[in-house]
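K.L.:
As a plain string of letters, each chain reads:
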Amino acid sequence: MVNNREADIVIIGGGIAGTAIARELSKYNLKTILVEKNYALANGQTKTATASIYAGLVMIGSLIAKSILLKPGEPLYNPDGFKMRWCEEGFREWPKVFDELDIKYIRLPVLVFARNEEELKGLDYYEKVAQEMGEEYVNSYRIVNKDEIFEIEPNLTKNAIKGLYDDRHLVDAFPPEIAIALAENAKDNDVEVILDAEVKNIIKENAHHIVETKQGNIKTNFIINCAGGYADRIAQMGGGSDFKFNYKTSTLMIYDKNKRNLINSMVRTPCQPGFLEFVKPTAHGNLIGTSGRYGTVEGAEDTEIILEDGIQGANGVSNIIPGITRKDVINLWRGVRAFGTKEPDDYLVEFSPFNEKIINIVLRAPGIAGALGLSRHVVEMLTEAGLKLEKKSNFNPKRRAIPDFSELSDEERNELIKKDPRYGHVICRCETVTEGEIVEAIRRGAISEQGIKFRTRAGMGRCKRGFCGPRVIEILARELNIPITEVVKRSYNSVLIPYKAKELLLEKEEALI
Amino acid sequence: MMIPKNDNIDVLIIGAGPAGLAAAIRAKEEGVPNVTIIERDKILGGLLHQCIHNGFGLWYFGEDMTGPEYAKKFINRIKEMGINVLLDSMVLNITPDKKVTFCNENGVQTINPKAIILAMGCRERTRESIMVSGNRPAGVFTAGTAQRFVNVEGYIPGKEVVILGSGDIGMIMARRLTLEGLNVKAVVEVLPYIGGLIRNEVQCLHDFNIDILLKHTVSWIHGRERVEGVTISEVDDRMMPIAGTEKRVDCDTLILSVGLIPENELSTMAGVKLDPITGGPIVNEFRMTNANGIFAGGNVVQVHDLVDNVSWESEIAGFNAARYAKGEELDEGVIKLIPGENIRYVVPQMISGKEDVTLYMRVQEPKETVRVNVGDILKKTERVVKPSSMLTYDISYEKHLSKVPKGIKEIVINCEEKGK
Ligand SMILES: Cc1cc2nc3c(=O)[nH]c(=O)nc-3n(C[C@H](O)[C@H](O)[C@H](O)COP(=O)(O)OP(=O)(O)OC[C@H]3O[C@@H](n4cnc5c(N)ncnc54)[C@H](O)[C@@H]3O)c2cc1C
Ligand SMILES: Cc1cc2nc3c(=O)[nH]c(=O)nc-3n(C[C@H](O)[C@H](O)[C@H](O)COP(=O)(O)OP(=O)(O)OC[C@H]3O[C@@H](n4cnc5c(N)ncnc54)[C@H](O)[C@@H]3O)c2cc1C
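Respectively, the protein sequence lines represent chains U and W.
Our numbering applies: residue 2 is where the first sequence begins, and numbers increase by one.
Our numbering applies: residue 14 is where the second sequence begins, and numbers increase by one.
These aren't lab readings, by the way, just hints derived from the structure by calculation.
Beta carbons are placed, not taken as given, at the ideal position from N, Cα and C, and that holds for glycine.
Hints may contain errors.
FRET-style restraints, in silico, Cβ to Cβ [said to hold, decoys possible]: (1) LYS367(W) with ASP103(U): 17 to 27 Å; (2) ASN316(U) with ARG212(W): 37 to 47 Å; (3) PHE355(U) with GLU118(W): 58 to 68 Å; (4) ILE162(U) with PRO289(W): 44 to 54 Å; (5) LYS367(W) with LYS501(U): 38 to 48 Å; (6) ARG212(W) with ASP103(U): 14 to 24 Å; (7) ILE290(W) with ILE162(U): 34 to 44 Å; (8) LYS55(W) with ALA512(U): 36 to 46 Å.
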């Protein structure tokens with residue numbers, strides 16, 4: 002419990018919005034507290050994203066796919082909205098931030114290709130949209146013929162006939178890694194991050210607010226509502242909500258690293274409204290793919306996987322790259338995008354009409370791409386609202402990642418092991434993660450299996466914790482000084498191993514006495 | 014801990030499960046001086062440590078033992094014979110020219126043995142690899158991981174359990190968890206027959222009155238943070254859940270026993286070719302892979318149900334790796350063994366035709382009263398064949414292979430219904 006703290010600003014939610022804002026605010030002399038309901042950051046939409054920061058061809062595809070949400074007459078493309086402005090900016094700026102924060106990322110080319118008449122029409126539509134969007138978009142790609150296609154992607158389905166190729170507009174990083182790095186840097190600059198601190202209520206008290214969390218109350222001046230698909234609930238607690246959500250799902254699949262070399266770029270078929278089909282490499286050397294229509298669900302928590310979607314998705318990907326099969330899937334999930342109902346096709350970023358101290362934020366995909374612009378805008382809003390902001394003289398923009406043993410040279414590995422022999426002890430066989438990395442992750446704030454996984458990749462490989470699971474639980478218990486029976490997956494009620502051996506037998510015996 | 018010299022290892026064995034141990038002993042018996050085992054765990058024995066049930070060694074020793082007891086017999090020999098052991102050491106890479114890089118708390122090292130034996134065992138298929146619908150909560154475990162928790166670490170995963178898959182580990186865990194006071198509500202199997210050994214069906218399920226649902230599957234996992242239940246459905250012939258047959262069962266744990274995959278990431282790095290059916294290296298009768306001087310044995314080659322076969326198979330690898338290290342020529346496999354009717358796979362996949370050889374085979378589908386034909390050289394009648402029981406046939410050079418006409422490139426093995 003963190004009893005009765007005081008802050009200038011409380012950020013609710015540790016997704017990309019909350020962590021980006023936390024880092025931006027950490028540049029100023031302020032008391033900022035970020036509260037997150039889970040035992041790990043980035044556990045909402047942010048962990049389910051495809052992980053792309055893009056402009057050019059992918060942006061065109063994204064606009065087309067999401068156009069199902071538009072009402073008749075609404076334009077596909079709004080150059081002046083927050084989303085377009087911040088995403089275009091973000092595409093240029095994120096790599097710099099990735100460098101500052103030592104976040105692993107890759108740049109990828111994009112190939113949108115057609116296999117039949119219908120898909121050729123799809124490519125035409127891309128070109129038409131590009132023309133509407135202007136020169137920058139028209140120049141973002143070139144048309145490639147069959148021969149060129151196979152030069153670019155030799156393992157692509159032989160049915161490909163024509164393509165559009167954009168060789169520079171995609172940057173890819175692992176979203177939880179981004180959010181965690183932002184939060185770590187914010188912490189280094191004196192922002193407080195509190196996990197397992199679900200906000201239960203907000204009470205207005207004179208000129209300030211009390212944010213009631215599972216970990217105690219926080220008295221604050223401003224509140225920034227970054228609760229993602231739950232932002233309506235937080236808004237409600239703060240006096241009222243003038244928005245709801247449409248929830249659209251996609252099922253994403255991660256493929257075994259041994260398939261990484263089959264493709265060089267993001268390959269996708271032209272999207273139709275509400276349909277998405279692609280496969281691409283990730284920053285950490287897997288492939289990620291999807292194929293299917295958007296689903297519609299009732300709430301942000303409706304993330305249940307549906308077998309048929311998985312099968313259809315895997316088949317769709319195999320139809321793009323025949324060398325990848327369902328057997329190569331090592332993980333799948335259903336991501337829920339929360340689209341706010343208030344803005345037609347834009348982020349919602351505004352002071353609550355019911356409460357002048359609460360800023361409501363509702364990103365929409367692509368939300369990661371625009372989060373840097375968002376964070377600066379929030380600072381402007383706070384200034385305009387009268388908050389005195391004074392830059393810190395000692396702000397440290399740098400953050401070092403946990404050493405990634407699997408990526409080091411043998412000399413570097415030996416140096417590390419000499420300093421700390423726990424780096425010589427491999428815990429996760431699939432991703433080659435060492436005990437040293439896991440202990441360091443805990444030192445930096447990981448308190449759950451998920452927290453370890455997001456920071457080190459332990460458990461993200463093909464055996465899905467079969468090998469490292471028990472070992473990671475043991476290390477968590479040891480380092481946090483808690484019993485094994487209290488170690489959780491990602492939230493207080495997701496205990497992994499609830500009982501000691503014989504415990505249930507003893508219970509039964511007691512019942513007999 | 015002994016640090017092996019870079020240049021004088023004759024035979025290096027990767028993995029100290031029953032396969033690695035048997036291979037090491039056999040190699041050392043051939044008189045090569047430096048046989049070294051490298052193992053990532055803190056102890057020797059591999060999977061056997063967590064197999065505290067009996068049923069090991071009935072064939073090899075003619076004795077019914079537990080896993081650790083079986084392992085102990087080999088470990089004692091390893092010590093007596095002066096075989097080098099490197100524990101707590103993870104092999105990270107093997108190159109086609111047999112450079113082996115491993116790491117432990119002393120650092121990263123690369124060694125270059127004359128011969129290598131792959132004995133890394135296998136891993137379990139996961140929830141992700143079989144795509145079960147529903148939430149992704151805590152409380153879903155593979156059977157082997159659950160077994161490790163219960164038998165090695167001393168913890169139990171929950172109170173009420175459903176087990177998906179009737180492989181041996183699943184059935185053994187059904188009994189083990191029942192003995193621990195858990196309520197095992199059902200074992201659910203998608204196929205129309207049990208996946209594991211008959212003796213396990215009898216001793217682990219029937220004797221404990223545990224329900225077994227054949228041609229059913231878990232079609233949904235409930236519970237956002239921790240498992241709260243599963244939906245069980247009947248499946249159609251394509252193994253897809255049939256709508257309208259759903260039954261919800263409350264439980265806090267789902268255990269998966271849905272198959273094992275030989276662990277061959279290192280093999281692939283070394284340029285070893287895999288058989289897409291077994292998931293293990295393609296080997297000849299000496300258990301040598303396509304990569305010169307790299308041998309393989311045990312579950313890394315094919316998933317065995319009996320440890321006795323693991324030991325025998327690996328002895329072949331140990332014996333021949335030693336011969337190779339001494340500079341002996343090993344005949345190449347020139348005759349391919351081809352799985353024909355109702356045969357899923359045959360190991361070895363290639364033979365020279367010049368030596369006695371034991372064939373390990375599995376059928377595709379269960380059948381009664383069949384004739385198994387190994388080309389024209391051996392015909393055997395089997396009363397029952399099942400995918401879960403491996404067929405092992407001894408083929409002798411004198412009686413069988415010498416009769417094979419010269420120049421023959423392949424022998425097809427068929428399992429035909431009698432009277433056809
Ligand atoms: C399938 C899919 C693919 C996508 N692909 C991309 C892409 O390629 N590129 C891109 O830029 N974007 C993409 N997006 C969109 C992107 O993921 C989201 O826009 C972005 O992650 C939203 O971030 P957020 O911080 O607003 O919300 P979230 O990440 O959902 O964070 C909200 C946080 O608030 C916490 N919270 C909720 N209630 C409370 C409470 N009461 N108390 C305390 N904490 C609370 C939650 O636990 C959560 O951590 C994709 C989304 C999906 C679903
Ligand atoms: C639950 C269960 C019940 C069983 N019951 C019976 C039974 O009743 N009767 C019976 O006869 N048989 C039984 N078996 C079968 C038998 O135990 C296995 O087939 C046998 O253990 C396989 O031996 P192995 O040496 O090939 O693999 P493993 O025992 O898995 O050994 C592989 C070893 O390699 C090591 N290793 C892997 N990769 C590396 C690396 N990169 N670096 C260093 N070391 C590495 C591993 O740590 C491990 O120690 C059972 C198996 C299981 C799983």
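K.L.:
Determine for every hint whether it applies to the structure shown.
P.N.:
Evaluated hints:
Roughly 59 Å separates the CB atoms of LYS367(W) and ASP103(U), a value that falls outside the hinted 17 to 27 Å. For ASN316(U) paired with ARG212(W), a C-beta distance near 40 Å keeps the hint of 37 to 47 Å intact. Between PHE355(U) and GLU118(W) the beta carbon distance is about 59 Å. The supplied range of 58 to 68 Å therefore holds. Take ILE162(U) and PRO289(W): their Cβ atoms lie about 31 Å apart, and the range 44 to 54 Å is violated.
Between LYS367(W) and LYS501(U), the C-beta spacing of about 58 Å breaks the proposed range 38 to 48 Å. Distance hint for ARG212(W) and ASP103(U): a CB-CB separation of about 56 Å, inconsistent with the stated range 14 to 24 Å. The hint said 34 to 44 Å for the Cβ distance between ILE290(W) and ILE162(U), and at roughly 35 Å that hint holds. One distance hint, 36 to 46 Å for the beta-carbon pair LYS55(W) and ALA512(U), holds here, with the actual separation near 38 Å.
Hints 1, 4, 5 and 6 from the earlier list are contradicted by this structure; the remaining hints agree with it.
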